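Given the coordinates of chain A, assemble chains B and C onto it according to the supplied hints.
Read top to bottom, the protein sequences are chains A, B and C.
In terms of this note's numbering, the first sequence is residues 407 to 771.
In terms of this note's numbering, the second sequence is residues 407 to 771.
In terms of this note's numbering, the third sequence is residues 407 to 771.
The set of hints was computed from the structure by calculation and includes no laboratory data.
Only a predicted model underlies this, so the values are computations on that prediction, with no experimental measurement involved.
C-beta atoms are modelled at their ideal positions from N, C-alpha and C, and glycine is treated no differently.
Hints may be right or wrong, so weigh each one.
To be verified - Now the in silico label distances, taken between C-beta atoms and shown as ranges:
id, chain 1, residue 1, chain 2, residue 2, range
1, C, Ala519, B, Glu602, 21 to 27 Å
2, B, Gly729, C, Ser664, 48 to 54 Å
3, B, Val572, C, Ala461, 37 to 43 Å
4, B, Gly729, A, Lys768, 23 to 29 Å
5, B, Arg529, C, Ser735, 56 to 62 Å
6, A, Phe728, C, Gly525, 35 to 41 Å
7, C, Lys483, B, His606, 21 to 27 Å
8, B, Arg529, C, Arg444, 27 to 33 Å
9, B, Arg529, A, Lys768, 26 to 32 Å
10, C, Ala707, A, Lys712, 46 to 52 Å
11, B, Gly729, A, Thr609, 57 to 63 Å
12, A, Ala522, C, Val762, 47 to 53 Å
13, A, Ala501, C, Glu535, 41 to 47 Å
Unchecked claim - Mimicking DSBU-like on lysine-lysine, the simulated pairs with C-alpha atoms at most 35 Å apart in a straight line are:
id, chain 1, residue 1, chain 2, residue 2
14, C, Lys750, B, Lys715
15, C, Lys750, A, Lys503
16, A, Lys751, A, Lys715
17, B, Lys768, C, Lys503
18, B, Lys750, B, Lys768
As the list claims (entries may be wrong) - Just some of the chain A residues that point at chain C, by a computed CB distance under 10 Å:
id, residue
19, Gly452
20, Pro473
21, Gly495
22, Leu510
23, Ala522
24, Gly530
25, Arg534
26, Phe623
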Amino acid sequence: MNFPFAPQAVRPVTRKNVVRVLDAWYVACRSSDLGRARPLARTILGVPLALFRDARGLPAAVLDRCPHRNVPLSLGKVKNGELQCAYHGWRFDGAGKLRAVPGLPIVDSTSEATLAAPGRNARGYATREQDGYVWVWMDPSVHPTAEPFALEQVRWPSYLTVRQEVEVEGTLHSTLENILDVPHTAFLHGGLFRTEEKHHEITAHVRRTRGGVEAQFVGEPRPPGLAARILSPSGGLVEHWDRFIMPSVAQVEYRLGSENHIVTTSMCTPITETRTVMHTALSVRTRLPVKFFAFFAMPFAFQIVKQDKVILRAQTEVVDRFGTETFSSTAIDLLGPHILHLLKKAEARDLDSAIVRDETVKLMV
Amino acid sequence: MNFPFAPQAVRPVTRKNVVRVLDAWYVACRSSDLGRARPLARTILGVPLALFRDARGLPAAVLDRCPHRNVPLSLGKVKNGELQCAYHGWRFDGAGKLRAVPGLPIVDSTSEATLAAPGRNARGYATREQDGYVWVWMDPSVHPTAEPFALEQVRWPSYLTVRQEVEVEGTLHSTLENILDVPHTAFLHGGLFRTEEKHHEITAHVRRTRGGVEAQFVGEPRPPGLAARILSPSGGLVEHWDRFIMPSVAQVEYRLGSENHIVTTSMCTPITETRTVMHTALSVRTRLPVKFFAFFAMPFAFQIVKQDKVILRAQTEVVDRFGTETFSSTAIDLLGPHILHLLKKAEARDLDSAIVRDETVKLMV
Amino acid sequence: MNFPFAPQAVRPVTRKNVVRVLDAWYVACRSSDLGRARPLARTILGVPLALFRDARGLPAAVLDRCPHRNVPLSLGKVKNGELQCAYHGWRFDGAGKLRAVPGLPIVDSTSEATLAAPGRNARGYATREQDGYVWVWMDPSVHPTAEPFALEQVRWPSYLTVRQEVEVEGTLHSTLENILDVPHTAFLHGGLFRTEEKHHEITAHVRRTRGGVEAQFVGEPRPPGLAARILSPSGGLVEHWDRFIMPSVAQVEYRLGSENHIVTTSMCTPITETRTVMHTALSVRTRLPVKFFAFFAMPFAFQIVKQDKVILRAQTEVVDRFGTETFSSTAIDLLGPHILHLLKKAEARDLDSAIVRDETVKLMV
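Excised from the complex, chain A in its bound form (with noise of 0.2 Å):
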């Protein structure tokens, strides 16, 4: 029976366009956030996990929730690799088995007859450490059937490699096309690295697999902003990818002349269904000093992800109110529509069913 007048929860309304890739890593958090003495929460797909470092110090997730009387684990303390509820003080290992619940009789507290009972276990998820960053495999039913992402770049010789963890309103898919679409960055970062006259047309090869979709693009001049301007002022050709990788990472990679290369990852892990926590590493080797690098490119940078983090908002905050998205397409929105077909085929498990292609697309930059 619940309270008349006095609405305490609210009916959850099925988001239209909103996906939901359970079977796959996403990241969680940064190695160096998650220490040995206590837990951290985080949210991935809707699910409150707590992220703890076991006995060996290695990552462990579970449920953020304690069987014994639904407090947030989170709230607890690491004990010789052991996550301690607040509240009643049991004690879970990195798989989520229950190790003991103080208060009992010695002989009950820790006895298998004790932990063993049903419901008393927190649920754990899979995890991997790798490159800097905590994976969580987020369909606990199912063993991992990959490993996660390999971020190779940060492993490259006399690279200069900045990370950058930004939080967006903005559904998986939005995200990730806003991050590897071409056409707004005239617009909404107008002047920064394209203009709203367009003089050049290009090529895009778009590659769609079951793995991901590229976009190669080919007689890109040099753009007129001031980003380029500073990383190549002799001009060159400009070569440039931008790839997605199932299900969650966007790449974008530019090459200037023979002595610049950036190459952009962000790891994008949905944290409820119009949320994203993007985990950027950029990677570049440049003619530059890193010092130059660090003062003049960085602040460029924030300016881009502020005008992306309104974008994407107001964005969802329409969305939101009319209750679907009623996005409309033409040829020049590369990648976005193919993110989308993949990610739902995904979804459904039923990936095997998304066609491989490959288009050819003219656009004006």
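For chains B and C alone, kept in the frame of chain A given last:
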């Protein structure tokens, strides 16, 4: 599929006794609020609109959602009388018709085939600009069958007109009733222009047509309150009419003696089910100097508005909490029941069945 | 018809494991909070009430919604023991009966025909004033079948009583369990009066009737924490009872040696499904001077309450998020399961089928 445990949107509930008349004009904004460079976001009857001025300077209104990626068009800018989306630069004319898709090869970007593809226009709404206000016809499927309410009072010579915009938390019909209701003035605004002790029996003639309802008060003494004493120190006859003009205008007209004439017209725009914006024009001809009026009468008016805002908000909160109105009227609730009746008939597009009637009511003031 | 795109109200969802016993007394406020000039707004079990004192000074409670235009009666004022609405001045007596409609011609304003019209009374609730509290019987359709809980401790000579009002985010049964639960004190309040290391096995005798459940603890040593050391420096026997008295009272009684006797009674009032107000009376007879008690024991009590508020709120958030409780109890959850069982039986008006039982449980402290 929606995420568990983290509802992002909520199912709207039908709130009882909310009326929504679409085929009608509503004030969207003051003329002076709508410039030529930037669009303006306004919501009417729950529908978000982007207002702007087209190439001729005429006001235009389109649904505030870009057909391309659903961001609000009101975040964009106006270029040569076209509204340009902030995200990818799609441009729309005053009727909402798509005029250009930047980034497409030049031959395609404004071709008929591109622009006429289904779903690429923004929904347009009819507009009028009149007496200092921009009006919008809220049914885009029906051509306006009438012109907006003519605010004649602002054209009268030797009258001072003050305009005010106030947003209240109240349904359209509760706000209209509040503006036109006499008995509450003695309690909610007790001491300001009517007192709780009632000594005078007066007569109200109430006339209802299909276009509204009017109450004319006969025998009303000069109110004992402060306001009336300032306006008409010598006493004299009071003439007083309260009028509702379908579906959104509330008008109060007072004559005190031969010198004083005050007409207050509130054009009420429902923005959501329970929020209403009142655009009020107060026109006055009085024996008092204008400065006196500004110094003394305006604070008094602000005090009344403030008290009404508090009570409308409290009423709305209670009705929301219980899910429906349970009003119980007596004979001296002169106009409220008529207003609701007419609005409901209009909403049902059955105004012809509304019975024209006259009645005479005695009340104490 | 409701507006699109702009939900104003939300559909309440049945939250699992919320219990709502209507035919019972709940504390609405302290006697001293209810004066004779102004009404008081209080919510119990989701029902908004306007409390006031009638002409004899007795407390009255009516549904906080004027039958006329649905504004909260608690915004009004009390005139000669009648509650007068702030909007139009309708007046109600202590039973909620309409007594006057100002503005109607004098012959009509208080006539039986006017006052007796259907839907014009405010719903009234039975009240009692006792031991410094105002109690309300929350089922207006059933005459009180009992009297409120008698708070005898405040009448004992040579006891100091301190009263406190605290609002927590927790269901009624989770709040009651929290107050009466022993094992959590070692963890949530670790170091304050019990420690995580447990060395003493004690015995609890649990006796459940249809009117409540009591745990009596035998063999409990003087706790090693700070509080006990202050109260009973010489050690001595501890006597300790935890009691739940249906449906809203939690009582903790301690005797330390012959000199110290503390009874803490919390009358819990569920205001919404997940918010509960605790009216706590702590009565103490101790060897310590009153000032010492005030300076040292009170901050200690505040610290405990603060920690309990945090954990109850976190528990509530998790249960809200998942939509239901999934509690898993062991033998040392002495009272919580009994409390929920009795409340559910009472809610179903099937308390007669609740089985009376005794049990003995060993636990470590």
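Okay, the hints, checked on the actual structure:
1. The given range of 21 to 27 Å is respected by Ala519/C and Glu602/B, whose C-beta atoms sit roughly 23 Å from each other.
2. Judged by the Cβ atoms, the range 48 to 54 Å given for Gly729/B and Ser664/C is violated: they are separated by roughly 58 Å.
3. The given range of 37 to 43 Å is respected by Val572/B and Ala461/C, whose C-beta atoms sit roughly 40 Å from each other.
4. Between Gly729/B and Lys768/A the Cβ separation comes to about 57 Å, which falls outside the hinted range of 23 to 29 Å.
5. Our hint of 56 to 62 Å for Arg529/B and Ser735/C holds, since their Cβ atoms are close to 57 Å apart.
6. Between Phe728/A and Gly525/C the CB atoms are about 39 Å apart, so this pair conforms to the stated range of 35 to 41 Å.
7. For Lys483/C and His606/B, the hinted distance range of 21 to 27 Å is satisfied, since their beta carbons lie about 24 Å from each other.
8. In this structure the supplied range 27 to 33 Å is violated for Arg529/B paired with Arg444/C, their Cβ-Cβ distance being about 51 Å.
9. The supplied range of 26 to 32 Å is met by Arg529/B and Lys768/A, whose beta-carbon atoms lie about 31 Å from each other.
10. Between Ala707/C and Lys712/A the CB atoms are about 48 Å apart, so this pair conforms to the stated range of 46 to 52 Å.
11. Under the hint 57 to 63 Å, the C-beta atoms of Gly729/B and Thr609/A, about 59 Å apart, fit the expected range.
12. Roughly 32 Å separates the CB atoms of Ala522/A and Val762/C, a value that falls outside the hinted 47 to 53 Å.
13. Take Ala501/A and Glu535/C: their Cβ atoms lie about 57 Å apart, and the range 41 to 47 Å is violated.
14. With a CA separation close to 43 Å, the supplied pair Lys750/C and Lys715/B exceeds the 35 Å bound.
15. A hinted pair counts as satisfied when its Cα atoms are at most 35 Å apart, and Lys750/C with Lys503/A qualifies at roughly 31 Å.
16. The suggested pairing of Lys751/A with Lys715/A holds, with an alpha-carbon distance near 27 Å, which does not exceed 35 Å.
17. For the hint linking Lys768/B to Lys503/C, the alpha-carbon distance of about 25 Å falls within 35 Å, and the restraint holds.
18. Under the criterion of a C-alpha separation no larger than 35 Å, the hint pairing Lys750/B with Lys768/B is consistent with the structure, at around 27 Å.
19. Proximity of Gly452/A to chain C holds as hinted, the smallest CB-CB distance being about 9 Å (cut-off 10 Å).
20. Interface hint at Pro473/A: satisfied, since its Cβ lies 5 Å from the closest Cβ of chain C, which is below the 10 Å cut-off.
21. Of the supplied interface hints, the one on Gly495/A holds, with its beta-carbon coming within about 4 Å of a beta-carbon of chain C, less than 10 Å.
22. For Leu510/A, the interface hint holds, the least distance from its beta-carbon to any beta-carbon of chain C being 6 Å, beneath 10 Å.
23. This hint is violated: Ala522/A has a C-beta 12 Å from the nearest C-beta of chain C, more than the 10 Å allowed.
24. About 16 Å separates the beta-carbon of Gly530/A from the nearest beta-carbon of chain C, more than 10 Å, and the hint is not met.
25. Given the 10 Å rule on beta carbons, the hint for Arg534/A is violated: about 26 Å separates it from the nearest Cβ of chain C.
26. At its closest, the beta carbon of Phe623/A sits 38 Å from a beta carbon of chain C; the interface hint therefore is violated under the 10 Å criterion.
Comparing the model with each numbered hint stated earlier shows that hints 2, 4, 8, 12, 13, 14, 23, 24, 25, 26 do not hold.
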